[in-house]
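Let the sequences and hints guide you as you build the complete structure.
Residue 1 is where the sequence shown starts when you use UniProt numbering, and the numbers rise one by one after that.
None of these hints come from the bench; they were simulated from the model. There could be a bad hint or two in this list.
Okay, derived cross-link-like pairs now, DSS-like style, lysine-lysine, Cα gap no bigger than 30 Å in a straight line [to be verified]:
(1) Lys-60 / Lys-115
(2) Lys-210 / Lys-185
(3) Lys-666 / Lys-728
(4) Lys-428 / Lys-337
(5) Lys-337 / Lys-644
(6) Lys-120 / Lys-43
(7) Lys-185 / Lys-215
(8) Lys-43 / Lys-85
(9) Lys-666 / Lys-545
(10) Lys-79 / Lys-120
(11) Lys-763 / Lys-728
(12) Lys-593 / Lys-728
(13) Lys-210 / Lys-225
(14) Lys-106 / Lys-43
(15) Lys-43 / Lys-115
(16) Lys-85 / Lys-120
(17) Lys-337 / Lys-587
(18) Lys-85 / Lys-115
(19) Lys-421 / Lys-337
(20) Lys-185 / Lys-225
(21) Lys-60 / Lys-85
(22) Lys-233 / Lys-185
(23) Lys-60 / Lys-79
(24) Lys-106 / Lys-4
(25) Lys-43 / Lys-60
(26) Lys-225 / Lys-181
(27) Lys-115 / Lys-185
(28) Lys-43 / Lys-4
(29) Lys-587 / Lys-545
(30) Lys-106 / Lys-79
(31) Lys-233 / Lys-210
(32) Lys-421 / Lys-593
(33) Lys-181 / Lys-210
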Amino acid sequence: MDEKNIPIRTYQVCNVLEPNQNNWLRTDWIHRSGAQRVYVEVKFTLRDCNSLPGVTGTCKETFNLYYHESNEDRESYIKESSFIKVDTVAADESFTQVDVGDRIMKLNTEVRDVKVTTRKGFYLAFQDVGACIALVSVRVFYKTCPLTIRNLATFPDTVTGADTSSLVEVRGSCVNQSEEKEEPKMYCGADGEWLVPIGGCLCSPGYEDKGGVCKACSVGFYKAKSSDTGCSKCPPHSHSLRDGATVCDCHSGYFHADSDPPSMACTQPPSAPQQLISVVNETSVVLEWAPPRRLGGRSDTSYSLECLICQAGSHNRGLCLPCSSDVLFSPSQTGLKTTRVVVSELRAHTHYTFIVHAHNGVSRASGAGATQSVSVTVTTNQAAPSPVSFIQATDVTRHSLSLSWQQPDRPNGVILEYEVKFYEKDQKERSYRIMRTFSRSVDVTGLNPLTVYVFHARARTAAGYGEFSGPFEFSTNSGSLTITSTNIYITHAAVTQLMFVTLLCFPPSPLPPLLSHLSSTAGVKIYVDPFTYEDPDQAIHEFAKEIDVSSIHIERVIGMGEFGEVCSGRLRVQGKREIYVAIKSLKAGYSDKQRRDFLSEASIMGQFDHPNIIRLEGVVTRCKPLMIVTEYMENGSLDAFLRKHDGQFTVIQLVGMLRGIASGMKYLSDMSYVHRDLAARNILVNSNLVCKVSDFGLSRVLEDDPEAAYTTRIPIRWTAPEAITYRKFTTASDVWSYGIVMWEVVSYGERPYWDMNNQDVIKAIEEGYRLPAPMDCPVVLHQLMLDCWERERAERPTFSQILNMLDKLIRNPGTLRRTGSGVGSEVCVSVIPEVCMPEWSVCQWLQSIGLERYRDTLAAAGYTSLDSLLTLTHQ
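What follows is the structure, encoded as structure tokens:
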């Protein structure tokens, strides 16, 4: 009976009284069925030998388990030696006869595993060696990892490996309506458990995961990408009419742009622009309008202009012709984000129709003719003619010459007469003569021999005179000029004569590099104040190159200047590579003073040529708007750049920036030029972190008197005390401002004197207060700032001394390690050229800035001393 008192059949043996027992029981042949490890579960009962009376030492309480692999089940007899022993099995519990009387079954269960891999099947055998035992049941099985779905991949029923520690790698297959995200894999462990899931599948577009099954999105929902987490409700103004939609269709009258994400609502084109108004200024028109009342649910509205020349009173588009390509649109004709455009270079007394179209991202998708527009018709006024662009001289004698010129590009009416103004160049327009003619030529007589004359010409219509042309210089020097090595005398007069004679053959253009070099050697002041010219055009054409507006391509607005917009763009001059530039423009409706002030900055910049001074590329003065074109500085103003990158530079890098500024200011001071508005906001930074001095709007030149004073708006926080109190601006006051710039750089764009008002700043400086050292500022740099802020301007260092000091610091970076908060030995600080500290070797210097890997490269190139490193260029 078993534990439930049910009769059971058992195999029993109990030959305990006879020695040397060897009783065997064998199973039938068992098919392996792909198993690699077989488990044998044996349930049995065993009697305690001590409970058997008269039993000697022959009684055992164990039996042995064997197996034999075979490819067939017809083996009727198998030798004992052919079996392989699995284990000796002992009972955990045994019973006595009393136990049996009490009908208590003490059943033992033991499991053993056998590795079977070489034959189709196997036999099991049990050996008794003298125990009193009964086999109740034998169960033979193998383990599998069951069929499962994990990460939307199906893994089949898999037999475990042959070893107890082996893992079987299994590749899964994606369920229906799904696709692989990453190859799905799992490992089947020896105990039949799945381990280490890797990769998986994602439901295909239009389907979502519902408990391991990909089900289609229902009507009104969609799923665009397999990576989306689930089906989403169709966005506004769209729908899906079937299950499994990957995108929703827009309602009638609504559209999707190609670049719109599927989750974005369907939108509409904008309605027409509103309230279009026009202001005519001679041959220019300013157009302004309000945005459309309905933007269609989008934020990418843009505008384009259509320009037509129509007959008076015509409402038929067929009688209108497109405007010529000479018409200028500022900022552009298409792709406008602003609602204001200036149209210039129009014809005088002409009827124009301007049509403003509104577009957005779905205007094209909505079909042809879908853009909404508003139009206005204007008539331009009479305008004076444009300037004469070129004058040439012929029949030159000692006392006369003949001039001729072309009609202005835009006469704007019938030319009634021309006016020619001329004067001796040395007189600088203090005394001039005027001649008038109805033709495009004139004979000028009564001239002095061997004299250079400057000529200007302008045209007159019923609307009045146009502007004078730029200066054209011709000499009455008669006969040909032969240049040989024996008749060139390098004197100021000889060079002047050579330049003027050369101008007889070429369009007028000054030769500033040659003249500047010779003038400086002769002790002549190089910088010329453009405000000393009666005609600002004369100064601008002497110091700045005229650029053809067609070679300028404006790309975007980057700011607003005092006179108008500041844009970035590209400049392509024939024969040169295209470069990025910044373009300042003079807004429409300017006064004569604004025009003069605007062009004067270009006249100043055009005289400078230094790597740390902003470079002037040229000007546009022959058409509107007037433009000043300079090199483009990618990182903008220094103060904003430092605030954006707070704490991201090494001290050496900051000192390098300060050195660049000092180098530019030394160049300006050598030219007897006072900046007067030196501040970090007026320093521009390019992509190579090169700092360049800019903004010469508040500047004036020093006259012969070094104590000359000037009056203007004063930036109090950057200005020296004598300049605030007595309006005394000198190079020494620029040095004071440079000290403030040093403080701005080391503090990463902090506002000098913080939130103190201007009066508090003035009072504090008078009482001896000076800005403290910024955080982590080296002692030597703060001491240099304090030297720049000496009350007596004669005690301040010069820019040449400042430059020498910064070079010493760069050559000896160890001096920059001590800050005001640290404790250490005294640091030598001096702006004089003498060395007060031992100089480092090239190797020590490279180590201090983390570039010692370049030691051998520099040495091989001959750079063995710190002085030799100063000859290195950026390249």
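To see whether the hints hold, each was checked on the structure:
Proposed proximity of Lys-60 and Lys-115 is supported: the alpha carbons are some 28 Å apart, at most 30 Å. Simply put, Lys-210 and Lys-185 have alpha-carbon atoms about 21 Å apart, close enough for the 30 Å limit, and the pair holds. The hinted pair formed by Lys-666 and Lys-728 meets the criterion: a straight-line CA distance of about 19 Å does not exceed 30 Å. The suggested pairing of Lys-428 with Lys-337 is violated, with an alpha-carbon distance near 47 Å, which exceeds 30 Å.
Note on Lys-337 and Lys-644: the hinted pairing holds, with a Cα-Cα distance of about 27 Å set against a maximum of 30 Å. The hinted pair formed by Lys-120 and Lys-43 meets the criterion: a straight-line CA distance of about 26 Å does not exceed 30 Å. Taken as a hint, the Lys-185 and Lys-215 pair is honoured in the structure, with Cα atoms around 23 Å apart against an allowance of 30 Å. The straight-line distance between the Cα atoms of Lys-43 and Lys-85 is roughly 19 Å, inside the 30 Å bound, and the hint therefore holds.
Taken as a hint, the Lys-666 and Lys-545 pair is honoured in the structure, with Cα atoms around 25 Å apart against an allowance of 30 Å. At most 30 Å may separate the alpha-carbon atoms for a hinted pair to count; Lys-79 and Lys-120 meet this at roughly 19 Å. Of the supplied pair hints, the one linking Lys-763 and Lys-728 holds, its CA atoms being roughly 18 Å apart against a limit of 30 Å. With a C-alpha separation of about 25 Å, the suggested pair Lys-593 and Lys-728 falls inside the 30 Å cut-off, and the hint holds.
Under the criterion of a C-alpha separation no larger than 30 Å, the hint pairing Lys-210 with Lys-225 is consistent with the structure, at around 16 Å. Between Lys-106 and Lys-43 the alpha-carbon distance is near 10 Å, which keeps this suggested pair within the 30 Å criterion. Restraint check: the Cα-Cα separation between Lys-43 and Lys-115 comes to about 21 Å, which is no more than 30 Å; the hinted pair holds. Between the alpha carbons of Lys-85 and Lys-120 the distance comes to roughly 19 Å, so the proposed pair stays at or under 30 Å and holds.
Note on Lys-337 and Lys-587: the hinted pairing holds, with a Cα-Cα distance of about 18 Å set against a maximum of 30 Å. A hinted pair counts as satisfied when its Cα atoms are at most 30 Å apart, and Lys-85 with Lys-115 qualifies at roughly 12 Å. At roughly 45 Å between alpha-carbon atoms, Lys-421 and Lys-337 are farther apart than 30 Å, so this suggested pair is violated. In summary, the hint linking Lys-185 to Lys-225 is supported, as the alpha carbons are separated by about 23 Å, within the 30 Å threshold.
For the hint linking Lys-60 to Lys-85, the alpha-carbon distance of about 18 Å falls within 30 Å, and the restraint holds. Among the hinted pairs, Lys-233 with Lys-185 is inconsistent with the structure: their alpha-carbon atoms are about 33 Å apart, more than 30 Å. Distance hint between Lys-60 and Lys-79 is fulfilled; the C-alpha atoms sit about 24 Å from each other, no more than 30 Å. Simply put, Lys-106 and Lys-4 have alpha-carbon atoms about 12 Å apart, close enough for the 30 Å limit, and the pair holds.
A distance of roughly 18 Å separates the Cα atoms of Lys-43 and Lys-60; the hinted pair therefore holds under the 30 Å criterion. Between the alpha carbons of Lys-225 and Lys-181 the distance comes to roughly 12 Å, so the proposed pair stays at or under 30 Å and holds. Of the supplied pair hints, the one linking Lys-115 and Lys-185 holds, its CA atoms being roughly 26 Å apart against a limit of 30 Å. Annotation: proposed proximity of Lys-43 to Lys-4 holds, straight-line Cα distance about 15 Å (limit 30 Å).
Between the alpha carbons of Lys-587 and Lys-545 the distance comes to roughly 21 Å, so the proposed pair stays at or under 30 Å and holds. Simply put, Lys-106 and Lys-79 have alpha-carbon atoms about 34 Å apart, too far for the 30 Å limit, and the pair is violated. Simply put, Lys-233 and Lys-210 have alpha-carbon atoms about 17 Å apart, close enough for the 30 Å limit, and the pair holds. As the CA atoms of Lys-421 and Lys-593 are separated by approximately 22 Å, the hinted pair is consistent with the 30 Å bound.
Straight-line distance between C-alpha atoms of Lys-181 and Lys-210 comes to about 17 Å, which keeps the hinted pair within the 30 Å bound.
Consistency note: the structure conflicts with the earlier hints numbered 4, 19, 22 and 30.
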